[in-house]
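Whole structure, please, built from the sequences with the hints as guidance.
Residues per chain are reported as follows:
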Amino acid sequence: MSGKDRIEIFPSRMAQTIMKARLKGAQTGRNLLKKKSDALTLRFRQILKKIIETKMLMGEVMREAAFSLAEAKFTAGDFSTTVIQNVNKAQVKVRAKKDNVAGVTLPVFEHYQEGGDSYELTGLARGGEQLAKLKRNYAKAVELLVELASLQVGGRKKRRELLVSYCSEMETSFVTLDEAIKITNRRVNAIEHVIIPRIERTLSYIITELDEREREEFYRLKKIQEKKKVLKEKSEKERELRRAAGGEHEPANLLAEEKDEDLLFE
Amino acid sequence: MPGYSEFYFNVDHGYLEGLVRGFKAGILTSADYVNLAECETLEDLKLHLQTTDYGNFLANETGPLTISTIDDKLKAKLLTEFHYFRNHAFEPLATFLNFITYSYMIDNVILLITGTLHQRPIAELVPKCHPLGSFEQMEAVSIASSPTELFNAILVDTPLVLVQQPWHIPKSPPPHYKIRVSISHLLIMQWKSYLEAFYKFCEKQGGTTAEIMRPILEFEADRRAFIITINSFGTELSKDDREKLYPTCGKLYPEGLHLLANADDYEQVKAVADCYAEYKAVFEGVGSGTGEKTLEDAFFEHEVKLNVLAFNNQFHFGVFYAYVKLKEQECRNIVWIAECISQRHRTKINNYIPIF
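Chains as they are written, first to last, in the working numbering: chain A, 1 to 266; chain B, 267 to 622.
Misleading hints may appear alongside valid ones.
[Unchecked claim] Calculated pairs, DMTMM-like style, for lysine to aspartate or glutamate (alpha carbon to alpha carbon, straight line, at most 20 Å): (1) B:Lys341 x A:Glu60; (2) A:Lys97 x A:Glu110; (3) A:Lys55 x A:Glu192; (4) A:Lys98 x A:Glu143; (5) B:Lys614 x A:Glu60; (6) B:Lys591 x B:Glu484; (7) B:Lys510 x B:Glu462; (8) B:Lys339 x A:Asp78; (9) A:Lys35 x A:Glu179; (10) B:Lys341 x B:Glu327; (11) B:Lys290 x B:Glu569; (12) A:Lys24 x A:Glu192; (13) B:Lys614 x B:Asp310; (14) B:Lys591 x B:Asp337; (15) A:Lys223 x A:Glu212; (16) B:Lys536 x B:Glu569; (17) B:Lys536 x A:Glu129; (18) A:Lys93 x A:Glu147; (19) B:Lys591 x B:Glu502; (20) B:Lys614 x A:Glu64; (21) A:Lys133 x B:Asp563; (22) A:Lys98 x A:Asp178; (23) B:Lys517 x B:Glu502; (24) B:Lys591 x A:Asp78; (25) A:Lys49 x A:Glu129; (26) B:Lys614 x A:Glu129; (27) A:Lys135 x B:Asp337; (28) A:Lys133 x B:Asp531; (29) A:Lys97 x A:Glu147; (30) A:Lys133 x B:Glu502; (31) B:Lys394 x A:Asp78; (32) A:Lys140 x A:Glu129; (33) B:Lys343 x A:Asp78; (34) B:Lys510 x B:Glu484; (35) B:Lys290 x B:Glu347.
[Said to hold, decoys possible] Listed next, the stretches of chain A that the computed footprint assigns to chain B, with coverage defined by at least 3 CB atoms under 8 Å from CB atoms of chain B: (36) 54-67; (37) 71-80; (38) 128-142.
Derived from the structure by calculation, the hints contain no laboratory data.
C-beta: ideal position from N, C-alpha, C; glycine also.
What follows is the structure, given as structure tokens:
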């Protein structure tokens, strides 16, 4: 039963007070941690729900976007080379911000547009409408991806990289919020099942020691009283014996009202 | 020889005309398209195509069938047919066929220039060029470092010299979006001068050729004008710039083009189109919802109609142009159906444009 011993401490009243205070502290700590764990779990569930929704939506949006690509190709011919040639700087960028949930910092990605639309004139000769639709669809897809990334990466607070993570690869990364929850729960359980019992055991040990000491004290006193009584009886008996043998008289009583021989005049 | 083409045409061009009509008979009909639309997978599509004129063009394809392989093979078939025509052609049919390739050549040259401006290796760019528009000096385009050099050294040897538009390529690379603007301007300007040169050539041929090609080319020019106008709403293109981009060989020249240049929204464009009978009909069929026909689709349909009409007459070159364009449309249709099948998005699978 290792780990379940009591704390080694000299049992005294002061130790008892200290232990009581520690017990109180441990209990408060446990309650606070439980609250934190509940808050985290609530948040986790919310995020999970949102992830599922977003993923479903993602499937739809990607499908739509791929289809609009086909439409655009039908009307405008092959513009892929034009697009690839004209890539230089990213137009849609992602900013990382921190969000604090019950003490756990989660990164949140926010996308923003920078610079104008550099593919404005690509479909000028033909297919412009389809290209515009295509651009819109893919922009929507990118927005959704960024949202999904921040939801899923919101699990990864331990990793310092804040890369944009994509669904299929980062399925497991969502564990980290989960990890934070597990850690908190572990701490709660540790306090509840290890620390507090230990303190309680210590407390009860102190109390038992103190009680025992009192009993010892009491017993000692009783014994002494008995001894005294025995002694007293013995000396009483001796006196009786001596009185009976004569020769012993009462010692002079200074306060007695008898005549004092030393007084010359009365 | 105006009016007497029946007498002399077959001497030089009779064989090829017969050949092209034979090929035309092999173009997929709407029954074929219905069959293709019923397919569940790309393999079914391949099977159906085997029963048509395409035969076993996909037979040697190992590995999973992708849309791009289908697309490439369809284009390759058209290419072999076209090269056969070109190799057996006499003048002036040879020049006519060359004119057909110029549009692809323009696209290729622009592609190469853009690629060179972005320092891409030439070997990467050449395979991306449209095969119908290839010419020997393609690889040399990247070596030219200035526009005049480009023109004097390279393009002057190519047939593109007939396209007499000064190539305004900026000498020093301006900020990227300006390059894009100037490149797409370049593209449209080249197209404009190409169309006008082609138009002049057909007029010079006279006779039935001119009669047949005139409406087709006029429609092409007007179509470009409409589309440039509509697509330039909301962009930085100014009205004067816009007007410079319109080809002048169409019906809209000059009043219509002027009206279009001043148009500010779709309604005004429609109003301009209403002045011309055929374009009125085209614009009527267009809806603005997502499920309905778009303007581009309506234009495609009209083009297909005109091209089909070309076959009603004999002894002219228009049949070759019409055949190439119809084959291209067919290629696009098949790729569209294949994409719908592979993406399992069957709602719009019937948005192809039937030819016969």
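Here is how each hint holds up against the structure:
Of the pairs offered as hints, the one joining B:Lys341 and A:Glu60 is violated, with about 32 Å between alpha carbons and a cut-off of 20 Å exceeded. In summary, the hint linking A:Lys97 to A:Glu110 is supported, as the alpha carbons are separated by about 7 Å, within the 20 Å threshold. Pair hint A:Lys55 plus A:Glu192 does not hold up; C-alpha atoms about 39 Å apart against a cutoff of 20 Å. As the CA atoms of A:Lys98 and A:Glu143 are separated by approximately 19 Å, the hinted pair is consistent with the 20 Å bound.
With a CA separation close to 16 Å, the supplied pair B:Lys614 and A:Glu60 stays within the 20 Å bound. The hinted pair formed by B:Lys591 and B:Glu484 meets the criterion: a straight-line CA distance of about 15 Å does not exceed 20 Å. Of the pairs offered as hints, the one joining B:Lys510 and B:Glu462 holds, with about 13 Å between alpha carbons and a cut-off of 20 Å not exceeded. A distance of roughly 15 Å separates the Cα atoms of B:Lys339 and A:Asp78; the hinted pair therefore holds under the 20 Å criterion.
With a CA separation close to 16 Å, the supplied pair A:Lys35 and A:Glu179 stays within the 20 Å bound. For the hint pairing B:Lys341 with B:Glu327, the CA-to-CA distance comes to about 15 Å; that is within 20 Å, so the pair holds. Proximity of B:Lys290 to B:Glu569 is assessed by CA-CA distance (about 16 Å); at most 20 Å being required, the pair is judged to hold. With a CA separation close to 12 Å, the supplied pair A:Lys24 and A:Glu192 stays within the 20 Å bound.
For the proposed pair B:Lys614 and B:Asp310, the alpha carbon gap of about 19 Å is at most 20 Å, so the pair holds. Among the hinted pairs, B:Lys591 with B:Asp337 is consistent with the structure: their alpha-carbon atoms are about 15 Å apart, no more than 20 Å. With a C-alpha separation of about 16 Å, the suggested pair A:Lys223 and A:Glu212 falls inside the 20 Å cut-off, and the hint holds. For the given pair, B:Lys536 sits about 19 Å from B:Glu569 by alpha-carbon distance, which is consistent with the 20 Å threshold.
Simply put, B:Lys536 and A:Glu129 have alpha-carbon atoms about 16 Å apart, close enough for the 20 Å limit, and the pair holds. Taking the CA atoms of A:Lys93 and A:Glu147, the gap is about 13 Å. The hint holds against a cut of 20 Å. At most 20 Å may separate the alpha-carbon atoms for a hinted pair to count; B:Lys591 and B:Glu502 exceed this at roughly 32 Å. This hinted pair checks out: B:Lys614 and A:Glu64 have alpha carbons roughly 12 Å apart, not beyond 20 Å.
Of the supplied pair hints, the one linking A:Lys133 and B:Asp563 holds, its CA atoms being roughly 15 Å apart against a limit of 20 Å. At most 20 Å may separate the alpha-carbon atoms for a hinted pair to count; A:Lys98 and A:Asp178 meet this at roughly 18 Å. Only pairs whose Cα atoms come within 20 Å are accepted, and B:Lys517 paired with B:Glu502 is rejected, the gap being roughly 27 Å. Simply put, B:Lys591 and A:Asp78 have alpha-carbon atoms about 16 Å apart, close enough for the 20 Å limit, and the pair holds.
With a C-alpha separation of about 36 Å, the suggested pairing of A:Lys49 with A:Glu129 is violated against the 20 Å cut-off. For the hint pairing B:Lys614 with A:Glu129, the CA-to-CA distance comes to about 17 Å; that is within 20 Å, so the pair holds. Distance check on the hinted pair: A:Lys135 and B:Asp337 sit about 23 Å apart at the alpha-carbon level, beyond 20 Å; violated. For a cut-off of 20 Å, the pair hint linking A:Lys133 to B:Asp531 stands: about 18 Å separates their Cα positions.
For the proposed pair A:Lys97 and A:Glu147, the alpha carbon gap of about 13 Å is at most 20 Å, so the pair holds. This hinted pair checks out: A:Lys133 and B:Glu502 have alpha carbons roughly 19 Å apart, not beyond 20 Å. For the suggested pair B:Lys394 and A:Asp78, the alpha carbons sit about 10 Å apart, so the restraint of at most 20 Å is met. Among the hinted pairs, A:Lys140 with A:Glu129 is consistent with the structure: their alpha-carbon atoms are about 17 Å apart, no more than 20 Å.
Among the hinted pairs, B:Lys343 with A:Asp78 is consistent with the structure: their alpha-carbon atoms are about 18 Å apart, no more than 20 Å. Restraint check for B:Lys510 and B:Glu484: satisfied, since their Cα atoms lie roughly 17 Å apart, inside the 20 Å limit. Taken as a hint, the B:Lys290 and B:Glu347 pair is honoured in the structure, with Cα atoms around 11 Å apart against an allowance of 20 Å. For the stretch 54-67 of chain A, the proposed coverage by chain B is satisfied: 3 residues have a C-beta within less than 8 Å of a C-beta in that chain, meeting the threshold of three.
Here the stretch 71-80 of chain A counts 4 residues with a CB under 8 Å from a CB of chain B, which clears the bar of 3, and the coverage holds. Given as covered by chain B, the stretch 128-142 of chain A passes the check, having 3 residues with a CB less than 8 Å from a CB of that chain where 3 are the minimum.
Figure legend: structure checked against the earlier numbered hints; hints not met, in rising order: 1, 3, 19, 23, 25 and 27.
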